[in-house]
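Student: The lines below spell out each chain.
2 protein chains.
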Amino acid sequence: MNAIRTMVLSLVVLFTNLAGAAAGEPRGTGDLGIVIERASGSLAIVEWSGRRVLGRVEGLGDLSHASAVFSRDQRYAYVFGRDGGLTKVDLLEMKIAKRVVQGGNSIGGAISDDGTLIAVSNYEPGGVKVFDAVTLDLVADIPAAYGPKGALSKTVGLVDAPGRRFVFSLYDAGEIWIADFSQGPNPQLTRFAGIGSQPYDGLITGDGRHYIAGLFGEDGLSHLDLWAGKPEPRRILEGYGRGEEKLPVYKMPHLEGWALAGGRFILPEVGHHELIAMDAATFAEAGRVAVHGQPVFAVARPDGRQVWVNFAHPLNDTVQVVDVPSLKIIHEFKPGPAVLHMEFTPRGDEVWISVRDADKVEIYDTRTFAKRGELKIAKPSGIFFTARATRIGL
Amino acid sequence: MNAIRTMVLSLVVLFTNLAGAAAGEPRGTGDLGIVIERASGSLAIVEWSGRRVLGRVEGLGDLSHASAVFSRDQRYAYVFGRDGGLTKVDLLEMKIAKRVVQGGNSIGGAISDDGTLIAVSNYEPGGVKVFDAVTLDLVADIPAAYGPKGALSKTVGLVDAPGRRFVFSLYDAGEIWIADFSQGPNPQLTRFAGIGSQPYDGLITGDGRHYIAGLFGEDGLSHLDLWAGKPEPRRILEGYGRGEEKLPVYKMPHLEGWALAGGRFILPEVGHHELIAMDAATFAEAGRVAVHGQPVFAVARPDGRQVWVNFAHPLNDTVQVVDVPSLKIIHEFKPGPAVLHMEFTPRGDEVWISVRDADKVEIYDTRTFAKRGELKIAKPSGIFFTARATRIGL
Numbered sequence: 001m002n003a004i005r006t007m008v009l010s011l012v013v014l015f016t017n018l019a020g021a022a023a024g025e026p027r028g029t030g031d032l033g034i035v036i037e038r039a040s041g042s043l044a045i046v047e048w049s050g051r052r053v054l055g056r057v058e059g060l061g062d063l064s065h066a067s068a069v070f071s072r073d074q075r076y077a078y079v080f081g082r083d084g085g086l087t088k089v090d091l092l093e094m095k096i097a098k099r100v101v102q103g104g105n106s107i108g109g110a111i112s113d114d115g116t117l118i119a120v121s122n123y124e125p126g127g128v129k130v131f132d133a134v135t136l137d138l139v140a141d142i143p144a145a146y147g148p149k150g151a152l153s154k155t156v157g158l159v160d161a162p163g164r165r166f167v168f169s170l171y172d173a174g175e176i177w178i179a180d181f182s183q184g185p186n187p188q189l190t191r192f193a194g195i196g197s198q199p200y201d202g203l204i205t206g207d208g209r210h211y212i213a214g215l216f217g218e219d220g221l222s223h224l225d226l227w228a229g230k231p232e233p234r235r236i237l238e239g240y241g242r243g244e245e246k247l248p249v250y251k252m253p254h255l256e257g258w259a260l261a262g263g264r265f266i267l268p269e270v271g272h273h274e275l276i277a278m279d280a281a282t283f284a285e286a287g288r289v290a291v292h293g294q295p296v297f298a299v300a301r302p303d304g305r306q307v308w309v310n311f312a313h314p315l316n317d318t319v320q321v322v323d324v325p326s327l328k329i330i331h332e333f334k335p336g337p338a339v340l341h342m343e344f345t346p347r348g349d350e351v352w353i354s355v356r357d358a359d360k361v362e363i364y365d366t367r368t369f370a371k372r373g374e375l376k377i378a379k380p381s382g383i384f385f386t387a388r389a390t391r392i393g394l
Numbered sequence: 001m002n003a004i005r006t007m008v009l010s011l012v013v014l015f016t017n018l019a020g021a022a023a024g025e026p027r028g029t030g031d032l033g034i035v036i037e038r039a040s041g042s043l044a045i046v047e048w049s050g051r052r053v054l055g056r057v058e059g060l061g062d063l064s065h066a067s068a069v070f071s072r073d074q075r076y077a078y079v080f081g082r083d084g085g086l087t088k089v090d091l092l093e094m095k096i097a098k099r100v101v102q103g104g105n106s107i108g109g110a111i112s113d114d115g116t117l118i119a120v121s122n123y124e125p126g127g128v129k130v131f132d133a134v135t136l137d138l139v140a141d142i143p144a145a146y147g148p149k150g151a152l153s154k155t156v157g158l159v160d161a162p163g164r165r166f167v168f169s170l171y172d173a174g175e176i177w178i179a180d181f182s183q184g185p186n187p188q189l190t191r192f193a194g195i196g197s198q199p200y201d202g203l204i205t206g207d208g209r210h211y212i213a214g215l216f217g218e219d220g221l222s223h224l225d226l227w228a229g230k231p232e233p234r235r236i237l238e239g240y241g242r243g244e245e246k247l248p249v250y251k252m253p254h255l256e257g258w259a260l261a262g263g264r265f266i267l268p269e270v271g272h273h274e275l276i277a278m279d280a281a282t283f284a285e286a287g288r289v290a291v292h293g294q295p296v297f298a299v300a301r302p303d304g305r306q307v308w309v310n311f312a313h314p315l316n317d318t319v320q321v322v323d324v325p326s327l328k329i330i331h332e333f334k335p336g337p338a339v340l341h342m343e344f345t346p347r348g349d350e351v352w353i354s355v356r357d358a359d360k361v362e363i364y365d366t367r368t369f370a371k372r373g374e375l376k377i378a379k380p381s382g383i384f385f386t387a388r389a390t391r392i393g394l
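Protein chains in written order, with the numbering used here: chain A, 1 to 394; chain B, 1 to 394.
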């Protein structure tokens, strides 16, 4: 009888634990995010509403320059590593759901507007690969072949556009391509050649209308209106740095962070300690803002009233805040050594800032600029919240 | 021995069920939503990514004209009923988490940008009440007293603005009020009188900058620029219907659905079979679109390229789609009797349409206009997806 009694008790304990472990507390995923821990190839899973770290996931490979997109249900992050790794991370169970190494050297990715396709931009071999969002099985391989010998170009500035499309630029070729998956897994490709010298990154506006590639080989940008019946690339802000001495470039600005706010784009210039404002309707220059150093990210608060700017080494301990209507700097502070990234809560009341060399993420009120919290995270770089799943081009 | 054996087996079954029921599968909440079932005071919980109904929740009282907002974690819906009921619904456990009856006759509500406050707009007694988002405890009561005798006005057009603020209009008083909770639970009130006759609804733009109230007592709208140092209400589109015979109004248009797209507002007119386009920078008229009937909702697809319109009784079996750049109707179809509401997926690839008198919700591809799915739901009216939690003013 004692043996049976023990067995019954064991069963009770066993199933009680199972119920607890499998279930945890049920929880929503709208307030989750990840912070890339570059040095250790891992990431912290965070909850922005509670300003806390929930757990960590390891084994993601080389996360230099890593970025992420999210599934429609905001349960999974797709993390793009520099080593060609594409890792699907389950934010609820805090583990890797699937991982493939899909290229040799890659940078950035995107998720289709219907949430079914993940595209990755590769330097080596140059091109874009597209995967099924559930299984990570390869759906399409798009080598970026150009010129008479069919050399492969590095691809950059990969974004999603409405209608199950991806848009990206060919660095070596000076081209922009659209891959349209609206008819199924074999994309229709549209190529635009001669768009400018060495496009190094690109952005798409939140309405999915304007694709803009930054050019490294010349002062200027290339613009494509995707709403046009026959889109045609055109040069904008040509020669914006003409007559000024160009400074050495320690770190390229990021275009994904470019801000569209109050009817103006606010863009970091390459090789100048300036932001340039561009009228969003005419694409003509609409002013400049002298800033602390070479801007890396210039990110609009979600309401567009402010743009927050961080800087390249060796001035990367500082953040400046620009008031958009007046184009004046209204706040400046020094979170600490190596400010790498900034991410706003979806409605913009707070901002998270990674301070790599202080091993912390700081959290600020965006109206009072008061510090609201601080999290210990090892060598933090990119911060990505699940609300990105609800936006075009993020 | 048999008794003990039975007990062990029962325990196994019991705990297995417990584990299954309590846990379910862990799941994200970014692709959830609710459909109001007005006739039965209940709602259907839906998953838009899978185009299916997950369950139902009953006991929400009078849901005529009901609307909803969502918690930051996208786990809870706050449903505003006509009978003054404010119900917090747990979308994961599919049950009512909390319910209070906070007024006698109410219409609409909002959630503060930091997710901590729920505000409800009341006709009777006229004013706004504000509740703690977690507990639904009363935080502040704002009677809409006006004039020398301190009569209470119906309140309408209640929206959230950045900085822990709510903005609303006083129908009987012709005023707009801002309640600022940035300093704590006692709001600072700013009142604007003489804004126009009988404001009947309001909207705030997605950047939280422009509050616009529609006027029932005169042809025109009232505008408040919340970015101005000293905001001042001004009349816009004055006398837009001048010289035309006003038609009888069977159903008031909804302003929350008003579309800002491609640099223009697209607004339904009151008492006319027209939409009016207004330049978003100058607030001057920028064109008109003759439509099938009296528009109720004119909702922009999230990319702003299209506006979808439904109509008042007796022409409410029809939907028209307007191409924003050309202001031309590019598609028209008849989903069925009593088309009441439309909700887009967050990136706009699909739209859900409630067809009340056919007891169904239809799902369409917004590019091909092909039907993608149909759900049986009893007397569906409003459809609300959790992605609203990530937007200002929704």
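Any given hint might turn out to be false.
Note: identical chains are not told apart, hence a pair may lie in one copy or across any two.
As the list claims (entries may be wrong) - Cross-link-like lysine to aspartate or glutamate pairs, in silico, DMTMM-like; alpha carbons within 20 Å at most: (1) 95 / 25; (2) 230 / 317; (3) 328 / 374; (4) 376 / 357; (5) 98 / 359; (6) 95 / 47.
Treat the hints as calculated values from the structure; they're not laboratory data. Since we're looking at a predicted model, the values are computed, not measured.
Student: Confirm or reject each hint.
Tutor: Verification of the supplied hints:
| no. | hint | in the structure |
| --- | --- | --- |
| 1 | 95 / 25 | both (17 Å within a copy, 15 Å between copies) |
| 2 | 230 / 317 | neither (45 Å within a copy, 35 Å between copies) |
| 3 | 328 / 374 | neither (28 Å within a copy, 52 Å between copies) |
| 4 | 376 / 357 | within (11 Å within a copy, 56 Å between copies) |
| 5 | 98 / 359 | neither (28 Å within a copy, 41 Å between copies) |
| 6 | 95 / 47 | within (16 Å within a copy, 24 Å between copies) |
In summary, the numbered hints that this structure violates are 2, 3, 5.
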